[in-house]
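Peer 1: Residue numbers (this note's numbering), protein chains in the order written: chain V, 91 to 302; chain G, 91 to 302.
Quick caveat, the hints were computed from the structure, so don't treat them as lab data. In this text the structure is predicted, and so the values were computed from the model without any measurement. Some hints could be false.
Copies of one chain are not kept apart here, so a pair can be met inside one copy or by any two copies together.
Claimed, not checked - Using 25 Å as the maximum straight-line C-alpha spacing, the simulated DSS-like pairs for lysine-lysine come out as follows:
#1 Lys164 with Lys110
#2 Lys110 with Lys179
#3 Lys179 with Lys164
Below are the chains, spelled out letter by letter.
Protein chains: 2
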Amino acid sequence: MRRFVIVGRTAIASGRFLPKDLPGTSGRLDVLLRCIRAALLVSHGVRRDTQVYLVLLGGEEAPRTVRIDGATAKFLRPDERSLATLIAKSLGAPERGAAGFDEVRPGVAIARGGLECVLEDIGGSSRYVLEEGAADLREVPLNAESCTFFVGDHLGLDSAALEGLAGASRVGVGPVSLHAEDAIVTVINELDRRDAAGRRSVATGNGPPGSE
Amino acid sequence: MRRFVIVGRTAIASGRFLPKDLPGTSGRLDVLLRCIRAALLVSHGVRRDTQVYLVLLGGEEAPRTVRIDGATAKFLRPDERSLATLIAKSLGAPERGAAGFDEVRPGVAIARGGLECVLEDIGGSSRYVLEEGAADLREVPLNAESCTFFVGDHLGLDSAALEGLAGASRVGVGPVSLHAEDAIVTVINELDRRDAAGRRSVATGNGPPGSE
Numbered sequence: 091m092r093r094f095v096i097v098g099r100t101a102i103a104s105g106r107f108l109p110k111d112l113p114g115t116s117g118r119l120d121v122l123l124r125c126i127r128a129a130l131l132v133s134h135g136v137r138r139d140t141q142v143y144l145v146l147l148g149g150e151e152a153p154r155t156v157r158i159d160g161a162t163a164k165f166l167r168p169d170e171r172s173l174a175t176l177i178a179k180s181l182g183a184p185e186r187g188a189a190g191f192d193e194v195r196p197g198v199a200i201a202r203g204g205l206e207c208v209l210e211d212i213g214g215s216s217r218y219v220l221e222e223g224a225a226d227l228r229e230v231p232l233n234a235e236s237c238t239f240f241v242g243d244h245l246g247l248d249s250a251a252l253e254g255l256a257g258a259s260r261v262g263v264g265p266v267s268l269h270a271e272d273a274i275v276t277v278i279n280e281l282d283r284r285d286a287a288g289r290r291s292v293a294t295g296n297g298p299p300g301s302e
Numbered sequence: 091m092r093r094f095v096i097v098g099r100t101a102i103a104s105g106r107f108l109p110k111d112l113p114g115t116s117g118r119l120d121v122l123l124r125c126i127r128a129a130l131l132v133s134h135g136v137r138r139d140t141q142v143y144l145v146l147l148g149g150e151e152a153p154r155t156v157r158i159d160g161a162t163a164k165f166l167r168p169d170e171r172s173l174a175t176l177i178a179k180s181l182g183a184p185e186r187g188a189a190g191f192d193e194v195r196p197g198v199a200i201a202r203g204g205l206e207c208v209l210e211d212i213g214g215s216s217r218y219v220l221e222e223g224a225a226d227l228r229e230v231p232l233n234a235e236s237c238t239f240f241v242g243d244h245l246g247l248d249s250a251a252l253e254g255l256a257g258a259s260r261v262g263v264g265p266v267s268l269h270a271e272d273a274i275v276t277v278i279n280e281l282d283r284r285d286a287a288g289r290r291s292v293a294t295g296n297g298p299p300g301s302e
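Next up, chain V with everything else stripped away, as it sits in the complex (with noise of 0.2 Å):
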């Protein structure tokens, strides 16, 4: 299971905000959703093996976190809109009081809390932030059977976020400063490389492959 988890800081966490200017009136949660778009969807597909966190800390519903899960989750689309409209009625949907996540639509689940919900949610899947100069993707092992990866938002992660995660890997995606979106498609990238080699690997007789 692949899992990528973004922070936005000012992401607003009530689901209300207007369609037409998303970037204006929801916090950023724009950035949010574009990243929805980048770690589920292929052409023409879903990737079922990965699972995206929002964690909304916007606004006076704050902290709350959507979880979206690409093997049970149904119609997403790729265009901003629709993902907007997606999250906007799952923020508004009833919640049940349950503790951690609970799912308000098939495959989209919302907590309220932050961070400290979804650390416990993953268990002991392993975990990586990504830092712009750290060492660099492609040269580190990375579990690619069991990975969670922290994105920041348009303002990156904030020192709260950083100490939560302080047990975790650092990893860089390049030399150039990018979008969330941008950082987690070279991410899921390099992933979907090493598991292929390693399916060749093992279809060959050549033993596992080199990431761990």
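Once you have looked at the hints, place chain G on chain V.
Peer 2: Frame of chain V; chain G shown alone:
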């Protein structure tokens, strides 16, 4: 100069679509709009060394092509709705009947024509077609100084386009079939890395990089 050319087989060339239902009313222009962001925008900035061409083959006014130049374009925003507004206004602007590309807004030019206009405009820039299963981008020489990448939309490149690009190199971006914008992000990451490696080589006196 880096250039990315996205061919929209159904994307309408008139600018007459509904911003609140881009996928349903624009012939999937949304696919191409997202490529603008992917190619031209980085974290808090614009790639000044990059141009994007959207070849619009849908609707009665087709073919038309929009060229966006990172060096001179203004007010480029990452969200789809803002990009839709930019393209709609540009397509609706009065034309002066100039041959080739006619600048209708700062950094945005329109041509009455399709791929043939692009091929004339890019001159001797090295041509690459993104194609599934082709030689891996990471393994092939790339002319990072002057390159043009041709990308299909959700339907892929049509036979006329492929014929026009018969002499171009074919390159692949990995083992999974990606959205056009993700393919572009993957190409750019490779180019950024080669550029950085080239700068390091020059700084250490090790001569030019391996990329030709």
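Peer 1: How do Lys110 and Lys179 come out at 25 Å by Cα distance, when the copy is not named: within, between, both, or neither?
Peer 2: This pair counts as both: shortest intra-copy Cα distance 16 Å, inter-copy 17 Å.
Peer 1: With 25 Å as the alpha-carbon cut-off, assign the pair Lys164 and Lys110 to within, between, both or neither.
Peer 2: both (24 Å within a copy, 21 Å between copies)
Peer 1: With 25 Å as the alpha-carbon cut-off, assign the pair Lys179 and Lys164 to within, between, both or neither.
Peer 2: Answer is within; shortest intra-copy Cα gap is 14 Å, inter-copy 34 Å.
Going through the hint list in order, the structure satisfies each hint without exception.
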